[in-house]
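Residues per chain, in single letters:
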Amino acid sequence: MTLTLVGLSHQGTPVAVRERAFVPLARAGELAASLAGEGEAVCLSTCNRTELYLVGDDAERRALDAFEGVSGMPGEELRAVVYRLTDEAAALHLFRVAAGLDSLVPGEGEILGQVRAAFEAGTTGPVLDRVFRQALHAGKKVRAETAIAESPASVSSAAGALAQQVFGRLDGCRVLLVGAGHVAELAARSLAARGAAIAYVANRSPQRAAELAGRFGGRGIDLARVREVLAEVDVVVSSTGSPGRVLAQPDVEAALSSRKGRPLFLIDLAVPRDLDPAIHDLDACYLYDMDDLESVVASSLAGRRREAARAEAIVAEEAERFREWQASREVVPAIASLRAWAEEVRAGELARVRGRLGLSESQEEAVESITAQIVNKLLHPPTVRLKEAAAGADGGGYAQAVRHLFDLDDAE
Amino acid sequence: MAEYLFGLAFLAYAGAAIAYAVDARRPGPAGRLATWGVRLGWVLQTALLVDQAARADAFPWATWAGSLNLFVWLVVSVFLVWGCRTRFRLLGLAVMPLAAALLVIARLGGGIGTGGRSGYSTTFLVVHVGLLSFAFAAFTLAAALSGLYLWQERRLKEHRPVGLLGRAPSLLTLETLTSRTIAVALPALTAGIVAGLVRLRNDGAPVDALMAVTLGTWAVYGSYLILRYEAGWHGRRAAYLALAGFALVVVARVGLQVGHFS
Chain A
1 MTLTLVGLSH
11 QGTPVAVRER
21 AFVPLARAGE
31 LAASLAGEGE
41 AVCLSTCNRT
51 ELYLVGDDAE
61 RRALDAFEGV
71 SGMPGEELRA
81 VVYRLTDEAA
91 ALHLFRVAAG
101 LDSLVPGEGE
111 ILGQVRAAFE
121 AGTTGPVLDR
131 VFRQALHAGK
141 KVRAETAIAE
151 SPASVSSAAG
161 ALAQQVFGRL
171 DGCRVLLVGA
181 GHVAELAARS
191 LAARGAAIAY
201 VANRSPQRAA
211 ELAGRFGGRG
221 IDLARVREVL
231 AEVDVVVSST
241 GSPGRVLAQP
251 DVEAALSSRK
261 GRPLFLIDLA
271 VPRDLDPAIH
281 DLDACYLYDM
291 DDLESVVASS
301 LAGRRREAAR
311 AEAIVAEEAE
321 RFREWQASRE
331 VVPAIASLRA
341 WAEEVRAGEL
351 ARVRGRLGLS
361 ESQEEAVESI
371 TAQIVNKLLH
381 PPTVRLKEAA
391 AGADGGGYAQ
401 AVRHLFDLDD
411 AE
Chain P
1001 MAEYLFGLAF
1011 LAYAGAAIAY
1021 AVDARRPGPA
1031 GRLATWGVRL
1041 GWVLQTALLV
1051 DQAARADAFP
1061 WATWAGSLNL
1071 FVWLVVSVFL
1081 VWGCRTRFRL
1091 LGLAVMPLAA
1101 ALLVIARLGG
1111 GIGTGGRSGY
1121 STTFLVVHVG
1131 LLSFAFAAFT
1141 LAAALSGLYL
1151 WQERRLKEHR
1161 PVGLLGRAPS
1171 LLTLETLTSR
1181 TIAVALPALT
1191 AGIVAGLVRL
1201 RNDGAPVDAL
1211 MAVTLGTWAV
1221 YGSYLILRYE
1231 AGWHGRRAAY
1241 LALAGFALVV
1251 VARVGLQVGH
1261 FS
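Chains as they are written, first to last, in this note's numbering: chain A, 1 to 412; chain P, 1001 to 1262.
If you're looking for bench data, these hints aren't it; they were derived computationally from the structure. Here a beta-carbon is modelled for each residue, glycine too, at the ideal position from N, C-alpha and C. Take the hints with a grain of salt, since some may be wrong.
[To be verified] With beta-carbon atoms standing in for the labels, derived distance ranges:
1) P:Arg1032 - A:Ala80: 45 to 53 Å
2) A:Arg339 - P:Thr1086: 14 to 22 Å
3) P:Ala1244 - A:Ser299: 55 to 63 Å
4) P:Arg1160 - A:Arg385: 56 to 64 Å
5) P:Leu1011 - A:Arg306: 29 to 37 Å
6) A:Val345 - P:Arg1026: 56 to 64 Å
7) P:Arg1026 - A:Arg385: 38 to 46 Å
8) A:Asp409 - P:Arg1032: 47 to 55 Å
9) P:Trp1036 - A:Lys260: 51 to 59 Å
10) P:Leu1011 - A:Pro272: 42 to 50 Å
[Said to hold, decoys possible] Listed next, the stretches of chain A that the computed footprint assigns to chain P, with coverage defined by at least 3 CB atoms under 8 Å from CB atoms of chain P:
11) 146-154
12) 251-263
13) 277-286
14) 290-298
[Stated by the list, open to error] Computed list of chain P residues with no C-beta within reach of chain A, every gap over 12 Å:
15) Ala1030
16) Gly1031
17) Ser1077
18) Leu1080
19) Gly1083
20) Pro1097
21) Leu1174
22) Glu1175
23) Gly1204
24) Gly1235
25) Val1251
26) Gly1255
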């Protein structure tokens, strides 16, 4: 049974087309069930890709029809953007997707959960069950055995990861947001997701400060009170539109005396900068501005790309295992047919001569056993050879030859 | 038997050290291999110590080389408490080459035999050598933690933390572990010193240079705990003080000579 993949992704398809082909998870299950028919189908749809994995007859045409139905695009336009892969190539593609190697940011972690969700919503049988389980395994293995997913891939996640480098778990860490814009909110989300508490939001507009603080369970304060609360917080994220400095070195130095050596991590996301760069020179103070964070992200992405080469080797191994498994599926029916035929011959011949031999019960048992052993010994070498051939590229040819030589029916 | 156990333990420790070095460059399977190398080496060295104890008539680690063998085992034991976690693999890079090298020195000094005869009772040697070795082993780990702290802190100050993200404990974790390790080791050092001083008084002997260095070590680590918990010393200052204490531990360990216990 051929595994067929038809899909489109951020690699070569603009977002205007991708959004039309997007299938929400709830609908992906229904689509898979309707596409599967007698066979198998899984629909994997994320913001970066929509892919249909099918096993069954005429899979490519059915997948293209489904794409047409979902996107409302004419078939010719679709054919120009979709990719079509089969068997080992389709499996390798799925393993690369699950490992995050086909993602915009190499090694991003969300895709593995999306592959799992698509698999669980799909209509699977032996082939898709095998290939998706192996994909999930490959994804986990890549993340466990390489450092591809270890470092941050965006400015806001870099800020959170750096704070963790100072404080460890951020549970119990208190954050002061200076400015209540979109950038501050993104950083706050990253920090809150890691366990930090957004204690204060300071802004020129008290209403906006209270609004954002309320979203994170913190307190809105006036911008003038920033120095007062500095001693109480562990992380400061500043992103105001102020033309001057919001905090100078002496302000922070004054707060440090009551911190008893506990470190202070400051993130300056504003341009022009809000925080005096000299703050970084203070003991136990770590100040990162936009350039620093971007350079952290750039090196991090470079590191991810370096790790991607190792990850490719892992997914290639998995693809080879899948190919061997699929090839073995070609010869298994031939082996089963051969053995069934041999058993039929043995049993038939025994039945034919049994009356003439006049054997006792124990003698009959002995003859049964001996003939069964002879058949097994005769069939052992071809069985082993067929399985070995299945691991290579010509398993199908050998299986066909066995069927032809012994005049066997196709057994499934 | 002892030779085989020593050889295998050394190979496991040395292998772990190499695997930690490989893991530092390319994180992955080498890190797990290193962890198992440490565990295997520790089991083999434990078997070596049991074999020594079974063959000896008295305390077998009373010589400088014997106590070094025991010291290495204690260092690895303390490291095993939390050192096998993924985030502490960089610490393994500092500890395991040292453990492998010291084990060889202990072997060359005859530290895997049954030990010479000593004029001191086995009970005294167990208390004195055992407690001091444990304390020194813990201080060694505290120094490695402080070293890692200073290195990581410097990287953060230089805005070059990327290689470390997710691969090393946080600054606060390192600081907390250092102070806790010292807090556990100092009572052991105190008890070991008291046992030594009582023995000196009974023998009417003066305090020798080695005991003086050990008392200095006690003073430095005692100051560390007071300054850390009472005066709020944190960060680089505390780390440098822990390293200063370790410098005295090195002097004390190097100062242990054949005949100190005889």
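For each hint, the structure was consulted:
For the pair P:Arg1032 and A:Ala80, the supplied restraint of 45 to 53 Å holds, since their beta-carbon distance comes to about 47 Å. In this structure, A:Arg339 and P:Thr1086 break the distance hint of 14 to 22 Å, their C-beta atoms being roughly 49 Å apart. In this structure, P:Ala1244 and A:Ser299 break the distance hint of 55 to 63 Å, their C-beta atoms being roughly 34 Å apart. Look at P:Arg1160 against A:Arg385: about 58 Å separates their beta carbons, and that is inside 56 to 64 Å.
Our hint of 29 to 37 Å for P:Leu1011 and A:Arg306 holds, since their Cβ atoms are close to 31 Å apart. For A:Val345 paired with P:Arg1026, a C-beta distance near 58 Å keeps the hint of 56 to 64 Å intact. Taking the beta carbon of each, P:Arg1026 and A:Arg385 are about 40 Å apart, inside 38 to 46 Å as hinted. Between A:Asp409 and P:Arg1032 the beta carbons are some 50 Å apart, a value that agrees with the proposed interval 47 to 55 Å.
At about 41 Å, the CB distance of P:Trp1036 to A:Lys260 disagrees with the hint of 51 to 59 Å. Distance hint for P:Leu1011 and A:Pro272: a CB-CB separation of about 59 Å, inconsistent with the stated range 42 to 50 Å. Counting residues of the region 146-154 of chain A whose CB falls under 8 Å from any CB of chain P gives 5; the rule of at least 3 is met. A stretch counts as covered by a chain when three or more of its residues have a beta carbon under 8 Å from one of that chain; for the region 251-263 of chain A and chain P the count is 4, and the coverage holds.
Against chain P, the region 277-286 of chain A contributes 4 residues with a C-beta closer than 8 Å to a partner C-beta. That satisfies the three-residue criterion, and the hint holds. Against chain P, the region 290-298 of chain A contributes 3 residues with a C-beta closer than 8 Å to a partner C-beta. That satisfies the three-residue criterion, and the hint holds. Its beta-carbon lying about 10 Å from the closest one in chain A, P:Ala1030 breaks the requirement of being farther than 12 Å from that chain. The beta carbon of P:Gly1031 is not kept farther than 12 Å from every beta carbon of chain A, the shortest such distance being approximately 10 Å.
Every Cβ of chain A is farther than 12 Å from the Cβ of P:Ser1077; the closest lies at roughly 24 Å, confirming the non-interface assignment. No beta-carbon of chain A is positioned within 12 Å of the beta-carbon of P:Leu1080; the least distance is around 21 Å. Every beta carbon of chain A lies more than 12 Å from that of P:Gly1083, the smallest distance being close to 16 Å; the non-interface claim holds. With a least CB separation of 22 Å from chain A, P:Pro1097 remains clear of the 12 Å interface cut-off, as annotated.
For P:Leu1174, the shortest C-beta to C-beta distance to chain A comes to about 9 Å, within the 12 Å cut-off, and the non-interface label is violated. For P:Glu1175, the requirement that its beta carbon stay farther than 12 Å from each beta carbon of chain A is not met, with the minimum near 9 Å. Annotated as non-interface, P:Gly1204 keeps its C-beta farther than 12 Å from every C-beta of chain A; the closest such distance is 46 Å. With a cut of 12 Å on Cβ distances, P:Gly1235 falls inside the contact zone with chain A, its closest approach being about 5 Å.
Every C-beta of chain A lies more than 12 Å from that of P:Val1251, the closest at about 29 Å, which supports listing it as non-interface. For P:Gly1255, the non-interface assignment is confirmed: its Cβ lies about 34 Å from the closest Cβ of chain A, beyond the 12 Å cut-off.
Checked against the numbered hints above, the structure violates hints 2, 3, 9, 10, 15, 16, 21, 22 and 24; every other hint is satisfied.
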